[in-house]
Amino acid sequence: MKRGTSIWIWRAASFAVAASFIALWQLIANLKLVSPVFLPGPDRAWASLVRGFSSGDLWSKLAGTLEHMAYGWLVASIAGIAIGAVIGSSRMMRTYVAPSLEFLRPLPVSAIIPVAIAMLGLTQAMALFVIAFGAIWPIMLATIHGFAAVEPRLYEVARSLQMSRLAVITKIALPNASPDILAGMRLSLTVALILSVVCEILAGLDGLGHWVLLSARAFRSADLFAGVILLGITGYVTSVAMSMAEHRLLAWQAAQR
Amino acid sequence: MPDKPREIGKALVLPLAVLLAFEFWARATHLKSDSLAPPSEIAIALAGAFADLSILTATRDTLFSAFAGLAIGTAIGLALGIAFGISDTLNRLMEVTVEAIRPIPSIALLPIALIALGFGYRMEIVIVAFACVWPILILSRAAVRSIEPRLMEVSRALRLPPAQRVWKIIIPAALPRIFVAFRLSAGIALIVAVTVEIAINPLGLGAGIMLAQQALRADLMLAYLVWIGIIGYALNIALVVAQRRLFGRAALSGDGA
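First to last, the sequence lines map onto chains A and B. In case it helps, our numbering puts the first sequence at residues -18 to 238. In case it helps, our numbering puts the second sequence at residues 38 to 294.
In short, the hints are calculated from the structure, not lab data. Check before you lean on any hint, since a few could be wrong.
What the hints assert, rightly or not - Using 25 Å as the maximum straight-line C-alpha spacing, the simulated SDA-like pairs for lysine to any residue come out as follows:
| hint | chain 1 | residue 1 | chain 2 | residue 2 |
| --- | --- | --- | --- | --- |
| 1 | B | Lys205 | B | Leu195 |
| 2 | B | Lys41 | B | Leu56 |
| 3 | B | Lys41 | A | Glu83 |
| 4 | A | Lys13 | B | Gly155 |
| 5 | B | Lys41 | A | Ala130 |
| 6 | B | Lys47 | A | Ala130 |
| 7 | B | Lys41 | B | Ala275 |
| 8 | B | Lys47 | A | Ser71 |
| 9 | B | Lys41 | A | Phe84 |
| 10 | B | Lys47 | A | Ala79 |
| 11 | B | Lys69 | A | Leu101 |
| 12 | B | Lys69 | B | Val263 |
| 13 | A | Lys152 | A | Val67 |
| 14 | A | Lys13 | B | Leu154 |
| 15 | B | Lys47 | A | Pro133 |
| 16 | B | Lys69 | A | Gly102 |
| 17 | B | Lys41 | A | Met74 |
| 18 | B | Lys47 | A | Thr76 |
| 19 | A | Lys13 | A | Phe200 |
| 20 | B | Lys41 | A | Val131 |
| 21 | B | Lys41 | A | Arg86 |
| 22 | B | Lys69 | B | Pro52 |
| 23 | B | Lys41 | A | Ser81 |
| 24 | B | Lys69 | A | Met100 |
| 25 | B | Lys69 | A | Ile93 |
| 26 | B | Lys47 | A | Val67 |
| 27 | A | Lys13 | B | Arg159 |
| 28 | B | Lys47 | B | Ala58 |
Generate the whole structure from the sequences, applying the supplied hints.
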């Protein structure tokens, strides 16, 4: 009980420190130590957030970004797990295909954007392709790794039970690899958010990325900061949601240990 | 990583087959496209870009921005990480502040950096530095915390002043794991630099590939893509080799974290 209360005191103190940083930011803005063209006070950023939400502008931008992110990430998750499972469950595929994938991994995925623009133009399809392409790597490589790391005796059991390859994948390999796969999916979530913003900036698609760029072009710094704050919240909330889902989905494994 | 010659041979089968098939397909269909070009033409375009030095200038600009940002981000991240690792009080007080800023996608800062600093190296360096701070901060904090407690007792018994304690005990003990964080951040630095260039900043490899796309030079665009991939791969290999050389077995213990 005592430890519980001390955690809350630390929490409160930590919030107080963050609040004092915001107060300092307000002070700097009020004293105009930095030109208000670049740095609005937290009061103006907050007012812009409230205004944006009450007029519905920011809702639609937020929804646009979340939509890009979610579609790209879902496509990447499904395709990444499927391809990863095919490659990971076969020794031959692992020796012939996996090294090529490892070679492609350090490639900055944003470099694929010009190629996607050349193929698909400045469209939603381009954004979906780029986000899915970028987000697939962590998931696919985690799946391959997770499949390769399954206790070999489990595969032997499967063989002696004469299980089909599909059954081996769904009943043995996938559950065993799920911590790796979920960790990959969490990494991909960040990638998907970043690429959504980049695609919106480049292609002028409806979303927060486009909103912050337009605000910057028009020197509306309060709107700009409101957009950046909202993007930070989006990053935070999606990663917390993912951790909670991970915790839930893996509860059976924690109990096993 | 494949080590034996046989395995390397197997790893090369797929990429070579894909390249050959693509070359034949492009020749057979007399490919005319804004987004694809046969490998032979890509190689010629790459050689041409080397001959007129354009790709080398672009590489220099990108690497300069990436490394400058990496250096600044590492310095800030390391200072904060070590301070948070040593002082639990400081760490707990700053927790909310750090967790509030960290999830902001680095690329969302682009419009702010753009209006504050304009186009050029500076805004790119700032964004790269922001992206590099977090992995370094978090991993170096963990590294400092996991230092053998007896080492800290020794430093107390010797009554080392704080600066010497950091310099003589903490940094050497945490260095292998800090280098792992540095390696991670170096990859991130390159990715962020290229992304910023593709999104908006008119310099370096990212601007080069965008320009090639807009000029409908598919061969040159893909040559840039290949070259960016080679740079990313080479950077990764160089850092892995450096890690092994510098820290040997000690480096492996850090990779699990």
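Hint-by-hint comparison with the structure:
1. The hinted pair formed by Lys205/B and Leu195/B meets the criterion: a straight-line CA distance of about 12 Å does not exceed 25 Å.
2. Among the hinted pairs, Lys41/B with Leu56/B is consistent with the structure: their alpha-carbon atoms are about 23 Å apart, no more than 25 Å.
3. Taken as a hint, the Lys41/B and Glu83/A pair is honoured in the structure, with Cα atoms around 16 Å apart against an allowance of 25 Å.
4. Restraint check: the Cα-Cα separation between Lys13/A and Gly155/B comes to about 20 Å, which is no more than 25 Å; the hinted pair holds.
5. Of the supplied pair hints, the one linking Lys41/B and Ala130/A holds, its CA atoms being roughly 21 Å apart against a limit of 25 Å.
6. At roughly 21 Å between alpha-carbon atoms, Lys47/B and Ala130/A fall within 25 Å of each other, so this suggested pair holds.
7. Among the hinted pairs, Lys41/B with Ala275/B is consistent with the structure: their alpha-carbon atoms are about 20 Å apart, no more than 25 Å.
8. Taken as a hint, the Lys47/B and Ser71/A pair is honoured in the structure, with Cα atoms around 15 Å apart against an allowance of 25 Å.
9. For the given pair, Lys41/B sits about 17 Å from Phe84/A by alpha-carbon distance, which is consistent with the 25 Å threshold.
10. Distance hint between Lys47/B and Ala79/A is fulfilled; the C-alpha atoms sit about 10 Å from each other, no more than 25 Å.
11. Among the hinted pairs, Lys69/B with Leu101/A is consistent with the structure: their alpha-carbon atoms are about 16 Å apart, no more than 25 Å.
12. Note on Lys69/B and Val263/B: the hinted pairing holds, with a Cα-Cα distance of about 20 Å set against a maximum of 25 Å.
13. As the CA atoms of Lys152/A and Val67/A are separated by approximately 15 Å, the hinted pair is consistent with the 25 Å bound.
14. Among the hinted pairs, Lys13/A with Leu154/B is consistent with the structure: their alpha-carbon atoms are about 18 Å apart, no more than 25 Å.
15. Taking the CA atoms of Lys47/B and Pro133/A, the gap is near 23 Å; set against the 25 Å cutoff, the hint holds.
16. Annotation: proposed proximity of Lys69/B to Gly102/A holds, straight-line Cα distance about 17 Å (limit 25 Å).
17. For the suggested pair Lys41/B and Met74/A, the alpha carbons sit about 17 Å apart, so the restraint of at most 25 Å is met.
18. Distance hint between Lys47/B and Thr76/A is fulfilled; the C-alpha atoms sit about 7 Å from each other, no more than 25 Å.
19. For the hint pairing Lys13/A with Phe200/A, the CA-to-CA distance comes to about 16 Å; that is within 25 Å, so the pair holds.
20. For the proposed pair Lys41/B and Val131/A, the alpha carbon gap of about 24 Å is at most 25 Å, so the pair holds.
21. For the hint pairing Lys41/B with Arg86/A, the CA-to-CA distance comes to about 21 Å; that is within 25 Å, so the pair holds.
22. In summary, the hint linking Lys69/B to Pro52/B is supported, as the alpha carbons are separated by about 23 Å, within the 25 Å threshold.
23. For the hint linking Lys41/B to Ser81/A, the alpha-carbon distance of about 16 Å falls within 25 Å, and the restraint holds.
24. Proposed proximity of Lys69/B and Met100/A is supported: the alpha carbons are some 13 Å apart, at most 25 Å.
25. At most 25 Å may separate the alpha-carbon atoms for a hinted pair to count; Lys69/B and Ile93/A meet this at roughly 20 Å.
26. With a C-alpha separation of about 18 Å, the suggested pair Lys47/B and Val67/A falls inside the 25 Å cut-off, and the hint holds.
27. Restraint check for Lys13/A and Arg159/B: the C-alpha separation of about 23 Å stays at or below 25 Å, so the hint holds.
28. A hinted pair counts as satisfied when its Cα atoms are at most 25 Å apart, and Lys47/B with Ala58/B qualifies at roughly 17 Å.
The earlier numbered hints are all upheld by this structure, with none contradicted.
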